[in-house]
Every structure is written in structure tokens, then in C-alpha cells.
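From first to last, the protein sequence lines are chains A and B. Residue 99 in the working numbering sits at position 99 of the first sequence; the count goes up by one each step and never skips. Residue 117 in the working numbering sits at position 117 of the second sequence; the count goes up by one each step and never skips.
Quick caveat, the hints were computed from the structure, so don't treat them as lab data.
Just a few of them, taken from the derived set where beta-carbon distance is under 10 Å, the chain A residues facing chain B:
| # | residue |
| --- | --- |
| 1 | Tyr-30 |
| 2 | Gly-34 |
| 3 | Val-37 |
| 4 | Gly-39 |
| 5 | Phe-51 |
| 6 | Ala-80 |
| 7 | Ser-135 |
The C-beta atom is built at its ideal place from N, Cα and C for all residues, glycine as well.
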Amino acid sequence: MKQLTFKATTYFLLPLLLLFSIFTLLRGHYLPGGGFVGGIIAATAFVLHSFAFGLRRTRQLLRVNPRTFMPFGLALALFAACLPVFQGIPIMTGLWLNEPLPVLGLIGSAFLFDTGVYFVVLGAALTIIFSISESV
Amino acid sequence: MLFAVMLGFIVASLMPVLGRWIRNGWSVLLTAIPLYLFIYFLSFVPGVAAGNELLITYSWIPSMGVNFSFLLDGLSLLFALMITGIGTLVFLYTTAYLKGDPYLDRFFGYLSLFMGAMLGMVLSENIFTLFTFWELTSISSFFLIGYNNTEKASRVSAIKALTITGLGGFFLLGGMALMSNITGTYSITEMLGSGDIIKQHPMYPLLAICIFIGAFTKSAQFPFHFWLPGAMKAPTPVSTYLHSATMVKAGIYVLARFTPILGDSSLWNYTLMAVGGITMLYAAYISIFKSDLKEILAFSTISALGILVFLLGLGTKQSIAAFSVFILVHALYKATLFLVTGIVDHETHTRNIFELSGLRKVLMPVAIAGFLAMLANSGIPPTLGFIGKDLIYESTLSHGFFPWAITIVAIITNIFLVYSSILAGIKPFAGKLPESFQAVHLPSWRLWLPPLALSIKGIIFGFMPGILEESIFYPVTNTIFPATETLHLKLWHGFNLILLLSTVTIAGGILLYFSFPPAQGKVSKMEKFARYSPPVLAGHFSRVFRKIAVTITNILQNGYLRFYIMAIVGFLIILLAYKAFTGVEFYIDPSRISPLTSAELVVMLILIISLIYAVYTPSRLSAVAAMGVMGYCICLLFVFYSAPDLAMTQFTIDTLTVILFVLVLYRLPKYINYTNWKIRLRDGIISLVFGSLITALAFMVYNEPTNKETSQYFANNSYTLAHGRNVVNVIIVDFRGLDTMIEITVLTISAIGVFSLLKLQLNKYDQEL
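Between the sequences and the hints, there should be enough to build the whole structure, so can you do that?
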């Protein structure tokens, strides 16, 4: 019975937590939050899912191996960092769009960088936790 | 220009996507990349020949003086052309040589990575980018040498090459850092004017030696030469490209590049002459006692590199001219011979010269290529090699330092090289075709065309040295040895002393070959002396080194977590206590401490209760839960003192930590009390002392006048410069973005570490079952 409650809660919590993590990531530049916290919240969401439904189901849900998030995030961050070089501005200079986008607001290369951080943290946390829980 | 340099890297990073097409036979299309670059650089030839050096700067980190500056002058143009030109042929050759290889995409990835790194290195005008690309060539060559990673020998060779060249890289970095310290610039062109300042500086000898070690390790000079024969474990296209034509010339390139700045001193010239002289003679001598085709070529490559270093050391106009011609000559014939060897190996599955003979009957175009390359290698007219050798003799004869002695050394070296070129270029093709090779047939044109094209180039340039004289060789010579007048390259100089010496060399080599024909006995006799050779000594050194490392690791990393923590805490205690005893005033200013609110009081109470609970509870799980409660309490304190970012992060991290603990503890056996009261007392005392010291430290920090300049700057500029209102986040992603970049890299590495450690254990466990 306890399992059932837990599963049912997780069923609703997972999307909510994921949304919350994206929300945290997005607001990071103006209010408390950011890629690091967002990534960990997302990782927690998946870990919760794995506790409720088992690791295999979580892996199926993710479709890709969480390991791949890390190189993806690193590449994204590196891309954001190198973006200014192609415009002849020093590396890691912040670039900003002139007009704010709907929903996202005014975004720039810093947001892309933070998204990279988000994915690296998510990937690293899931890789570590999944490996440990598979090996014990 | 940036695109040209980056193209190799871009292609390499696209490999995961393109992989399937590459493996399915579309790899030939990749040849277009080096070909495009070759044509691109070819288009600069007229401009550079006319004296228009091209300097293009892209700012990278201008605040540190590090920029992507690319300089295209005679020297870098020659290297760029060799890298892309030979690269084109090697790419084409590889498509057939490694046809059907399951990791072909990986191979091409490494190869284009290497090409990009090499191009970047020779074009770099900033010493930091030069160094970065230099290291990238070492790293990509590590992957290429160890390509057959299932064989132990190739793994060992790859590590050996990486160790030696990596060691050299450190020295190079040191040397270049000293140079930039003295001159105050990272730009090579700006350093050109400060040559005399560097040479009179007391650090000059140290600096020069650092550069020497860097260059000698990369270019396989004695006594660091031994990694090169080992690197022959790589697939033949790699040996052709990296270990004969391009990478090993990186050291030569750096020496040549710095010669106008650091050269023309007795230290520079005599060291290069001595090291180059020893290397060329020693390696040429060894090469005639080898039986493996690739080893013969490896040693003759080392010898040729020695000749190049030696010529730089002579430092006269003639020797630099000879240098510029010989680089190209060597690249052409050595690449040919390697490609020929690759075909022979591919078709007959042996590289032993005692087994190979008569292959001309089945591999005619290959035999022609081998023969022409042998002509160039031996310096027999009408090849460019002949002109090169003439120039070498001309420069030794006209040198002021014992001209006859160094000429004789050069002649003996060349006689050995004639011998070894006969071994590699003619021996496998001459004589009778054995029964076992009757079935050998000519492979795809993609294999035999590249060596043939290269060797024919050697002949064409030999007949018409004029087409290269003004366009290529003169700008190179002028770069290294400024204010040179025109060169005069001719195949026929008339009857003079140099022609006589050339004849003596060629005749001597052929005579030596027929009077001392290669025999298995001599090869084995030579191997007896191997005990005293540098590689063996280096092997002993590395074994001792490893033993010491293992001992130290076993002492420090004994696997007991409690000892690690105790060591860390103990060290901090000693450090803090020492500082506290050496006169630090300790006082608390009560007026500056804010009064405790009721909310804080409650949180503190919970904190203390859970602390006591964590210490005394008999269950691991509840101890972890109590620790979690403590973490959350600290989060609340952060919230009270307006650090919401910190609180959020701490909160999520704490949650994850508890989950991790639970995951591990869940499977551990029941809590058993291993400790007696003595150990507990010890741990308690350590914890108390550490805690009180940290508390004291916190109070002292609070009393120190803080420097708020940095935080003020961040707070003031966060919105104006970085468009962000959350200062903490702006610092993370913008102001100190580089730190974050490195941090996430470290995070990735540690995750990979955890993953591989745990999975490795699993596999072992499975095997034992």
C-alpha cells in the first residue's frame, strides 16, 4: 500500500520536479537559481522515479544513457564560450539577443552556458548514483 | 585562416555523426579535406615568395596577451604544404590500407585531429597557441600509435611516445615562459627584435637547454630517439605521416623558428651540431643492422632528423639553404618508402628483408616508387636528393669549425644512408620471386599511386629545382637566416670537390652493400649490444620510478576513509595551531555580533540535538538521516543570512548526499561496534579541537577588515555588463565562467571515474564467477 502511494506521488512529482528544474535554470540569471541547482533538482526527480519504479524503468524513461548528458553539456558550454570568437570578440564574452524572446525572456550566451552546466550536473549526478545503485 | 586551421578539428568532432558513412566506404571523400587545404595554402605561395608575409590575428584572451595569431612566412608555408600535401596522399592511402576496419571513422578522426594540430602549430605566431597545438600533436599521435589497442606492444609504444614527448613539452613550456618573461611578449614576431636581450640574459643557457630538450624529444634526437622505432607499431599510414614527414619535424620546426631569436651563439650552434652529429651518425649506423623494413626506415629517419639539427647548428647561409632543401627531400622520399613498405606488408604480411625479394615482378609500380625514393635517399642524380646532399657538403666544407672533420662525419653518415636506402628501396624488389609470393597481386590504385606520385615529384624537382628555388626555398632560408641573397640550385655544378665527395658517398655506399651484404648473423650480433642502449636504461629508470610510486601510494592511499579524513583534519589542526601560537591576537567584539532571534535559536537547537543523535545512534541509517537534518538546518541559517543561492544548492546537494548514503548503507551488514573507548576518545578529541579551531577562525575572520573591492565590482557591474540581476549566477556563468568550465569538466571526469571504477569491479566479479 505504501508502495502504491509512493508510486502514485512520483507519477505526478516527476514532471513537476522537471518543470521546476527548468524554471530554476531559467530564472537563474535574475533570481536565485541556475544551472547547477536545476541540474541537481532534475537528477533528484529521476532518482525518485528509480526508487519508485526501479532503475530499469527509469533508464527506459530516459531513453539515452545519462552518461551522454555530460559530453553534450560540456560541448554546449564550450560552444557558448567560443561563440564570441567567431565574431572576433574575446572568448567568453557575453553575447545577448537584442529582443527578449517570448516565455524565455532576454537570453544570451550565458544562458546557453548555464544550460551546459545543467546537463553536465544532471549527467554526472545520475551516472554516479545509477552506477552505485547498480553495483551494490 | 582560422577556418583552415580548425577544419581538422571540426572534421574530427563530426566523426561520431559521420562514422557510419566513413565505414561504409565513403572515406575517399575525406581526402578532399587535406586536398582543399593544400590548394588553399598553395595559393599563398606567390605572395610569400614576393616577400609578403601574412599575419592574421584573432583575439582570444587579449587580456592575457594570448591570441590566435597565424603567421604565414616561408618556413610555415613549407611545413603547411608538406602537412596538407602528404596528408592528402596519406588520407587516400588509408582508405584502401585500412579498408573494412571496424574503427575506420575513429582513425580518420585522430588523423584529422593531428593534421589540424600540426597546421596550428606551424602557423602559430603566439607561443601559447604554439605550445597548445604542440601538445595536441603529442596527444593525437598517442591515439594513433596505440590504434591497435588490443595489442600490448602498441599500447606500450604509445605510452612511451607520450611520456617522452610529454616530458619534452614541459621543458618547451618552461623555455618559452622564460622567453616571454624576458621579452615581455608572447608574440614570436615581436620577439625577433629582442634576440640580443635574450642572449645576454643570465637565464639564456637554461632557456636554450629547455627549448633543446623540448625539440630533441619530439624530433627523436639522441638520447631520446628510442620512442620513434617503437612508434612504428602504428598502422603504416601513421608512420608515414607522423613519424617521417610531419610530427617528428615539429621539433626541427621549433628550432628553426627560434633560430633567428636564440641562435648564433656558441651554446646554440655547438649543441645542435654535437647532438645532430651524434644522432645522424649513430642512427645511420644502426639502420644498416636492422631486418625489419619499418625499423630500418625509423632509424634512417632519426638520422635524417639528426642531419637537419646539425645543419641548423652550422648556422651559415649555405647550411640553412641545405636545411630547407633537405626537409622537403626527406619528406618526399621517406614518405614514399614508408608507403611502399606499407604495401609490401599489406600484400605479403611480412616486413623482414631476408624473406622479401623479387617483388618487382608482381608490384611493378611500387617497385618503381621504391627505386626512385632510393635514388633520392642516396642522393643520386637527377633527384632533388642529390641537390640536397650537395648543399650539405657545401655547407660543411665552407664552415669555419673543422670543415674536414664535419664533412667526413657527413660523408660517413650518407654512406650508411645509401646502404639502408638500398635495403629498403631495392632489396625487397630485386632478385628471385619466392614461391610463397607468387599469389601476390597489385593492390588498389589508392595504395600505389601516392608513393609513386611522391617519388616522381622528387625527380621532377631534381630536374627543375628552379621552380622551387624562388617560391619555396628562398623564403624559408630568408625566414631562418634573414638577409640572404638568392640561392642557386642546380643539378650540375661542374667537376668540383663536391661532385667528387658525392661520387665517393654513392660509390662507398654501394661498395659497402656488396662487400658486407646484410645477413641475419650481423643483425643478431648487433642485438647483443642492445642491453646498454638508452631505451633499456630508460626502461630500468621507469621501473624504479613505478616502484617508488607504488610504495608512496600504498602509504598515503591505504583505502581507509577514516585515515584520509584524519590526515586532512590533523594537518589543518597543526597548521592552524601553529599559526595561533605564533602571535595571533584573538578577541571577540561583542558589539558586532547581532542578537539571536527566536527562529535562529530553534534551528540551532535542532542542529545540536541531531548532532548528538548522530554521534550516539547505533544505526547507520539514522545517523545519515540526522546528518541530513543538520544539512537542512544549515540551509535555513543561510536563508536567515540572505544567501538564497547557497541555501538552494546546499539543500539539493544534501538531499542527493543522503540518497547516496542510503543507497550504499542499505546493502551493508548490520551495524557492528568495532571501536573501543580509546579510539572513540581519540576521535572525539580530534573533532572537538578541530571544531573549536574553526570557530575561532570564523570569529577572527569576522574581525578582520575585509577587502570588498572585488565583490563591489561584481555587484556594480553584474547588470550593466552581464545583464543579470543575480550576482552569484552572473559570477558563475560570466565573470568567472572559465572556472565553471573547468569545474564542470572536473565533475565529468569524476563521474566517469566513479562509473569506470564500479563497472570495472563488476566485470572482474563476473569473470571470477
